[in-house]
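Chemist: Given next are the chains, with one letter for each unit.
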Amino acid sequence: MSTAVNRAINPIKSSFHWAHRNLFRSPIDSVITLTLCAFITWFIPPLFDWFILQATFTGEGNEQCVNDGACWIFVREFLPQFIFGFYPEESRWRLVTAVIIVIAFIGIRIVFKKKVHKFFTLTLIVSYPIIAFILLYGGVFGLAVIETHQWGGLFLTLVIATVGIAGAFPLGVALALGRQSNLPVIRAFCRLFIELWRGVPLITVLFMASVMLPLFLPQGLDIDKLLRVLICIMLFASAYLAEVIRGGLQSIPSGQQEAATALGLNYWHTMRYVVLPQALQNVIPGIVNTFIGLFKDTTLVLIVGLFDFLGIVQAAATNPQWLGHAIEGYIFAAFIFWCFCFSMSRFSLRLEQRSHLKEKPMTQPS
Amino acid sequence: MLIKQNANLRAWLYQALFIIGVIGTCWLLTDTLLENLARQGIVTGLDFLDNNAGFGVIFSLIDYSESDSYGRVFFVGLFNTLLVAGLGILFSTILGFILGIARLSHNFLARNIASAYIGLFRNVPLLLHLFFWYFAVLQPLPGPRQSLEFMDTFFLNNRGLYVPTLIDNANTTIWQYTIGISFAAVILLFLISASKNTRKIKNNEKISKKSHAKKATSLLALTFVGILLSLFVGNPYDLDTPIFGRFNFSGGTVIIPELIALVLALSLYTAAYIAEIVRAGIESVPKGQKEAANSLGLSTSDSLRFVIIPQALRLIIPPLTNQYLNLTKNSSLAAAIAYPDLVSIFAGTVLNQTGQAVEIIGITMLVYLSISVTISLIMSLYEKKNRWNQQ
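In order, the protein sequences belong to chains H and L. For what it's worth, our numbering labels the leading residue of the first sequence as 1, then goes sequentially. For what it's worth, our numbering labels the leading residue of the second sequence as 367, then goes sequentially.
Among the hints, a few may not be true.
[To be verified] Under 8 Å between C-beta atoms, here's a sample of chain H residues computed to sit facing chain L:
hint	residue
1	36
2	185
3	196
4	200
5	203
6	204
7	207
8	216
9	218
10	314
11	327
12	338
13	345
[As the list claims (entries may be wrong)] Taking lysine to any residue and the SDA-like style, the derived pairs with C-alpha atoms no more than 20 Å apart in a straight line are:
hint	chain 1	residue 1	chain 2	residue 2
14	L	751	L	666
15	L	568	L	549
16	L	562	L	667
17	L	695	H	289
18	L	580	L	592
19	H	225	L	717
20	L	750	H	247
21	L	580	L	565
22	L	580	L	558
23	L	653	L	681
24	L	695	H	195
25	H	225	L	395
26	L	695	H	193
27	H	225	L	402
28	H	225	L	718
29	L	581	L	565
30	L	695	H	235
31	L	695	H	198
32	L	695	H	304
33	H	225	H	162
34	L	695	H	243
35	L	653	L	666
36	L	695	H	196
37	L	695	H	247
Treat the hints as calculated values from the structure; they're not laboratory data. The beta-carbon is built from N, C-alpha and C at its ideal position, and this holds for glycine as well.
Based on the sequences and whatever the hints tell you, model everything.
Modeler: Right, dumping it as structure tokens:
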């Protein structure tokens, strides 16, 4: 109260006080502050100039970009490609529909909360992959088939990341349970499997998918390149997920399992109804973090020749008609990746804090 | 019925079935593989490593020419990978610790710039960082004729960074011996004083101010030896500075842009993660520890050295090694900008030339795997030791 009054009476004095406490507390502090100030004044104005003042926003071709600043026409021109890749223009509504279904579903969940029947949720979760596949790939109901080599852009990045994590989830749970198992052979196998995938870089895994995997398939059986990459990414992600889930399993007090056994539940029932629901709830933030990592790592697929978001940006930057605008493309890509990753990391942080709040009353002795 | 009742027997049965399943799958896969290889006329085995490689590599730490074998290419790639990983670890640690400490500073600007950096760099894919530095910053640089100069000794252009090299001269040996011996003496002195101090701390004795003075004097003495040598003997090395000739630079050496971009991207990206680890480590030491150290009469530097840092390090080191491992694995992104690392030239070029996919990918994975396993073994030993100390 008194500080508020003080500030109202003497704003100059209080801001002086603030500067002294936060910027010039000691001689070294002052030196740091002044250096950083100098850095900011040297760094920010040219950046602002390049981004806004000297930039070109309107126009049609590369010739219009005569100023020293950024050429945002380049990004605008290639935006549909950045998002949809080489997906045929007349079929792009299918991708939009697939996204709208997800948004509508989440909207319904948020608006109606508890009123939505569990059955409805379950049906949608099970049927959505099928609906999405039909929409994206086509082939039935008169939808034209769009081969996966035409897939690309942000859309492909999202497909790889979500399919990768969703496919890895069941395997991750199985591996985590296997690592905690009482059966030595299964425990050793799961441990070996996890360490193997976590010890190698994703690039070698992708090389494996593109050049080694076809050798292991019988003649005549030709699996699509995207599918091969997806399978390998799933195996890779499952090892990381398994470690996250194992952390959750370890966080459950052993009393829970003992109580379930005392009630006469067998191993599978104990896991299904008692341990896993609690463990998975605890590790949702960890799973989101794994997803963020995978989302960023999907950019590596461009090395084996798939055109994900960054791959398309890179291709556009080397377009002979638009040479010299790589920076604009990269900055745009960085901005989009940043938006996705930052919002997801905030989301996971909030979940973590919420679960801490929930735990507090439980840890207090009654 | 016996199976249903006897849990032990059932467990063994399950495991036996599991093993049979795994072996069966492996056998099936190997069978198909051998059949496919036979049809494509690829000879299995590691004999191809002795064959002539026949391609040049732009950058190598060991002697290499086109007439060398594929086995030699493997070592060229391996050393290049280790070089990038080592440099990346060095720079990312320095920057990461600075950022992590800045994040906790009471200086408003330092704190916010550090957290903005962390937020920005962590949420953008590493490959994008790499492309930015390589394709958007280093490649559009002017050619050798219009190089950017620093003090007439460093030249930066689109072929890389030209730096001077050191050449041995008549004085080199004298310098090496003198500095070596005096340096060893100083280190010995430091070690003795450190062990003395630790004993004193353990016995609740006060550390005398003299020990600090002694260290400072010894460092001064070392500098003095250096000055004397340069006055009476002369410079230890001659500098070979790059000079622009008719078409290119002669003298000095060049650091290729691929290496610069890779080290920059890896260190800047990993530093953001290390900063968060350092911050969390320091924050985890309770405030009371510092206050207690102060009230015991320890100076600020002693309380940092004996109280705060050991406790923070215990929490920092395991995730820090994890980041080092990540950095080493991430150095394989070199393939995207054609820096000749293990993945790029061995799993890339050699594989394309020989078609020995299984062997080459297997060897490459094994290299990374053995690095990871070694480090995680050391880590688990370290953690065990720490837990033991705590009890």
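Chemist: Please name the hints from earlier in the document that this structure breaks, with their numbers sorted from lowest to highest.
Modeler: 14, 15 and 37
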